[in-house]
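Following my numbering, the numbering of the sequence shown begins with 63 at its first residue and continues without gaps.
Hints were generated in silico from the structure; no laboratory data involved. Fair warning: there could be bad hints in the mix.
[Stated by the list, open to error] Simulated DEER-style distance windows between Cβ atoms:
1) Thr-144 - Tyr-83: 37 to 45 Å
2) Lys-146 - Leu-76: 47 to 55 Å
3) Ala-106 - Pro-78: 25 to 33 Å
4) Ala-133 - Ala-98: 17 to 25 Å
5) Arg-117 - Asp-81: 21 to 29 Å
6) Asp-81 - Gly-116: 17 to 25 Å
7) Asp-82 - Arg-136: 18 to 26 Å
8) Arg-109 - Pro-78: 45 to 53 Å
9) Tyr-114 - Asp-82: 16 to 24 Å
Note that the structure is a prediction, hence the values are computed from the model and not measured. We treat Cβ as the ideally placed atom computed from N, Cα and C, and that holds for glycine.
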Amino acid sequence: MTTAVADIRQTIDLPPLRDDYLYTAEETSLYTNVSANWLKRAAAADRIQNTYVGRFPRWSAQNIRDIVAGAPHRPRRRERQTHKNAA
63 MTTAVADIRQ
73 TIDLPPLRDD
83 YLYTAEETSL
93 YTNVSANWLK
103 RAAAADRIQN
113 TYVGRFPRWS
123 AQNIRDIVAG
133 APHRPRRRER
143 QTHKNAA
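With the hints as constraints, model all of the structure from the sequences given.
Have a look at this one:
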């Protein structure tokens, strides 16, 4: 666990991050000290690592550690879709 996450946990008395759990924006905001709205916008813009469950972004413990540490995120490459012309 990074010291930044440990410092935030001690201040707010949060439970330790679980590696087998995906956190909502509201839960993630407690660990990262940024708003849930910022997390949702950053996830939609692909500026931070996250996982979508349906249409809702979720964050793993490692994602939260990376956000707190300021680790760079490589945006996902989206394949360009080509439409076949109807002949």
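Taking the hints in turn, this is what the structure says about them:
In this structure the hint that Thr-144 and Tyr-83 lie 37 to 45 Å apart at CB holds, the actual value being about 39 Å. Between Lys-146 and Leu-76 the CB atoms are about 52 Å apart, so this pair conforms to the stated range of 47 to 55 Å. Restraint check, Ala-106 to Pro-78: a C-beta distance of roughly 28 Å satisfies the suggested window 25 to 33 Å. About 20 Å separates the C-beta atoms of Ala-133 and Ala-98, a value consistent with the hinted range of 17 to 25 Å.
Range check, Arg-117 to Asp-81: Cβ separation about 24 Å, and the 21 to 29 Å hint holds. Evaluation of the 17 to 25 Å hint for Asp-81 and Gly-116 yields a pass: the beta carbon distance comes to about 22 Å. The given range of 18 to 26 Å is respected by Asp-82 and Arg-136, whose C-beta atoms sit roughly 24 Å from each other. Distance hint for Arg-109 and Pro-78: a CB-CB separation of about 26 Å, inconsistent with the stated range 45 to 53 Å.
Taking the beta carbon of each, Tyr-114 and Asp-82 are about 18 Å apart, inside 16 to 24 Å as hinted.
Consistency note: the structure conflicts with earlier hint 8 alone.
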